[in-house]
Every structure is written in C-alpha cells, then in structure tokens.
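Novice: Protein chains in written order, with our numbering: chain A, 1 to 129; chain B, 1001 to 1129.
A portion of the hints provided could be inaccurate.
Covered stretches of chain A (chain B as the covering partner; in silico rule of three or more C-beta atoms under 8 Å from a C-beta of chain B) [stated by the list, open to error]:
#1 15 to 23
#2 28 to 41
#3 56 to 66
These are computed hints drawn from the structure, not numbers from a lab. Ideal Cβ placement from N, Cα and C applies to all residues, glycine included.
Protein chains: 2
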Amino acid sequence: MTDWLDTVRFNIDGLVGAIAQDATSKQVLTLAWMNREALLQTAATREAHYWSRSRQKLWRKGESSGFVQKIREIRLDCDSDAVLLLVEQVGGIACHTGHERCFFLRLEDGAWHDVEPVLQDPKAIYGDG
Amino acid sequence: MTDWLDTVRFNIDGLVGAIAQDATSKQVLTLAWMNREALLQTAATREAHYWSRSRQKLWRKGESSGFVQKIREIRLDCDSDAVLLLVEQVGGIACHTGHERCFFLRLEDGAWHDVEPVLQDPKAIYGDG
C-alpha cells in the first residue's frame, strides 16, 4: 500500500523538502530533501532517511554519527510538496557542526551571528579522518 | 549593506527554502520559497515576503487575506541554503485552506488524514471571486 506516496508531489528532480522538528523542544532542527525511496524508508523504519544532494545517495540520518532521528509523526502540507517530521533527536545533536540544529545563525545588524553553542566537537562525532 | 545576502546560497532557480515557525506556539506553519528580493524585503519591512512559484512574482504573505507574518527572527542554516523565520502569525491562520498552518495532514495507517480544524472558510478569507 503506497497510495500515500503517490499523493506526494516530488519536484522535477524527484525531491521534496523535509523539515525535521524536535517533538519535545519544538525546535526546528533541519531542512533536508527526500526522494520517494527516502520517504518510504522513513515511514517503514520510523527513522529519518533523506536524499543527499551532495553525495547523490540515500542517507539514513545518523548513520555515521549515531545521531538518528526517530519518527513520531509524518506530516504533509496542503499542496503536497513539503514534509514535516516530528522527531526524537538521538544525542540531542542534529547538525554536522556539533550544534543542536542547523539554524544557529541569526540575522542581527546586517550580519549572521552564531548564537547557539557547539555541543560536541565534530571531530569527536565523526573522527578525525 | 547587503553582505549578509551574499552569504545565502540560492539554488539554480535563484530560490532558497524558507520555513515559517510561530514564535509563540512553536508550530511549523509553512514551507515557502524566497528569492533575493523576497529575503531583502522580509528583512527590511519585518514582514514575510516570498516568491510565488505558481504566479512567478514576489508575494507579501497576507497581501490578500490580511494574515501577514510579522518577523521576530531570521535564521540561516549551516550550509546557507535554508532560512527559518520566527513569526507572529496575524489572524492565527497561515494556510490558504483556512487551517492554522499548512501541515494539517498526518500519515496514519498508510493514508494522509486531515487532523486539524479549518478555522475560517477560505471564501470568507478571500471572497467568493
């Protein structure tokens, strides 16, 4: 039964934007991309999967870092071209920079300022290599 | 001073994804798109502006409905290709369907279910015409 997948309007590249929001803190963690397979795997395994545009491959969030996103809810928007995931962020770190989330830059006085702490050194997350 | 705009990595269509989140309730309201001008106008006027892909024009959110999004914060993500707006949603309705927000469809048992109320009839918001 994948009728629900046929409802989703993937773009010309076969992708749909997918927002991950922490189900507890309500912080918006990431905006990533899913192809049909990523959305199917996300629903089937209850762990977030995305399409890596830079690596051009399916990517299970946390496969290197261990910081997986466990799915609480999957939402679709009114015109079926955006997904919202409510997740439990394992490790409390969603961003490869070691920040809690990717949106740590705030516009102030005409410049972007990093206003959130690095919780763990990326070298410790991914190793030196 | 638009150095901060030069930091943003617009895609091949000149667009960047922009999430709007209610600053008070923390609900994720919408995922829309901005070109450079939309982001500039958003920062300058403190009201959300987007690029309408269907109408191919700059669009001040709420210009028809009155349901503008007043800007509390503008955030950028770690790789500079996604924007997060913290907004005060005037009228409490962000979606053209009359729902509070666009993400009212939840995946359950292999189907999308509308799980949030319509707060106002769209005909009352936009008129019959």
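Novice: Quick check: do three or more residues in the segment 15 to 23 of chain A have a beta carbon closer than 8 Å to a beta carbon of chain B?
Specialist: It holds, with 3 qualifying residues against the three required.
Novice: Would you check chain B against the segment 56 to 66 of chain A, counting CB to CB pairs closer than 8 Å, and say if three or more residues qualify?
Specialist: violated (count 0)
Novice: Are there three or more residues in the segment 28 to 41 of chain A whose C-beta lies within less than 8 Å of some C-beta in chain B?
Specialist: Holds, because 3 residues of the segment 28 to 41 of chain A bring their Cβ atoms closer than 8 Å to Cβ atoms of chain B.
Hint compliance for this structure: hint 3 is the single one not met.
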